[in-house]
Structure formats: structure tokens, C-alpha cells
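Student: Could you put the whole structure together from the sequences, leaning on the hints where they help?
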Amino acid sequence: LTWLLFTFWWQHAANDCESRELNFRRAFLLSLETMTTIGYGVSDPMFDECPEVVPLLVAQSLIGLLMDAIFLNLMYTRFSTAFTRSASIIFTDVAIVYEENGFVKIAFRVCEVARKPLIEPMVRLYLIKHGRVAVDADMEGFLDVDTHQMALEEPDINIADGKLFLTLPTKVVHCLDETSPLSSGPVRNMQQFHDQIQAMDFFEVIVVLSGTCPITGNSLEARQSYTASDLRYNCTFAPCVSLHDDKHQVNFEYFHRTMKCDQTGKSPSTKLL
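In my numbering, the protein residues as written are 1 to 273.
Hints listed in this document are in silico derivations from the structure and should not be mistaken for laboratory results. Since we're looking at a predicted model, the values are computed, not measured. Worth double-checking, as some hints may not be accurate.
Stated by the list, open to error - Under the rule of at most 35 Å between Cα atoms (straight-line distance), these lysine-lysine pairs were calculated in the DSBU-like manner:
#1 K116 x K163
#2 K116 x K247
#3 K129 x K171
#4 K260 x K171
#5 K260 x K163
#6 K163 x K129
#7 K247 x K260
#8 K129 x K247
#9 K171 x K116
#10 K247 x K163
#11 K171 x K247
Tutor: In C-alpha cells form, the structure reads like this:
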């Protein structure tokens, strides 16, 4: 469209400066060659030093450069936006708390819906705590916020450096042992953990999943937050993967669902939550 607009402008300028008429084909070629800088197809692109042609050449050249910059920027922004890419990573809406091998554990699931998965994705967990400090009147209303990194039982950092396989739903597990910032010592039952959570002034677990986009090569992060109201006690996640024509399929309708465990904490019931 821009080539056509400048074609008519070239014809108008040539009629005032050149003895012979500049036909549409020659004017269009001149417009195209000026915009794309591929060389001129006319013998005298200056039309015998006509002064009206100089600003026209300058205007079309500058507009051509500006349009190239705009389109390249739009394309780069479209393919390199990390926020859009990180939206393809899905975390479960809730985290489960259960007992296993004599320890209380907290876990959630994560999966990716994009056809091309992230390169070397890794996950980190942080516990946000509010501490109580003595403050004077000038500091009233401020909080002492502590951030503690939480060690992961799954994925194991000693296996493949803790990198995830996000094509299928992956469970991320933190064990409440003596190293856990959630307690001062091992938590042996869920009731003890529940009482500790309720006694906290503030409880929030921040999940940060980072990786590299395989298309643009840009690094990106996806985040999720779990508070005390997002915890489901004595539960496990419902199965959400089926096999069709030797291919695994993930049903995201069941991805966020949980199932209540029995009193032993081993065999889940069939009731979905």
C-alpha cells in the first residue's frame, strides 16, 4: 500500500519536472526501488535536478526505515515476550499435605501445555514469614519479613541437577524434616503441622519455575503462591493422564483435583475434591 501511495506521488512530481510522462509502471518501480534500496530502474532518478524530488526521496527513505523498525520490533516482541510464554506453565490451584515414611510432606503439581517444552526447567520454593520485632512509634506498621529457601525432596537436586520434565504432570515435594524452615524440628503428624501453620502470623510459599524458551532463547520465570487456605490435608492428587493410541494425554479437568486418603494415609478413596 505504501508503494502505491508513493507511486502516485512520484508521477505527480515527475509531471512537473520532466518533459515526458512517467507512466505507472516506471513510477511503481521507482517507488519500490527507493523503499527497498535495490537500485533504480530509471536513467535519471533526480529528474534533471528538480528540487521537488529531493524531499520526496528523503521522505520515502525515512518512512521506509521507520516501517522496517516498527515491523521488526512487533515481530521480536511477539516471539520474545516471556510473560506470554510463561502462561503455558500450569500449577495446581492447591497444595496437598500428607504423611509418608514417617514424615509430613507438602506437594503440588506442575505441567506445561506448550508443544515445545522449556529447556532445562528448574523449580525453587521460598517460605515467607513475618517476624515480630520491637519497634518505636516511628516504625509502627512495618513488618520484619524473612524469606527462607525450602529444600526439595522431589525433584532430587542430585539427579539431573533437579531439572524437571514438564511435558507430563510432575509433582514437587518438600519434606518437613529437621532442615525445613516450616518447623524447628521434624513434624511427625499433620495435626502438629496444622497447629504450627495456624500459630504463624503469616504463611506463604512462593514457587518460582525458571527455564529457557526453545524458540527465542530467552530466560523466563513462572510463579505461583500457596497460602494456608490453599492447603489440603490428608489428600493426594487425582490421576489425570490416560493412554490413547500409545500416546499420553493429560486431562487438565482433573489436573487440579485431589482425592481424600483413608485413615492410614496410603489408599486414596474415589471421592474427588
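Student: Check each numbered hint against the structure and report the violated ones by number, ascending.
Tutor: 8
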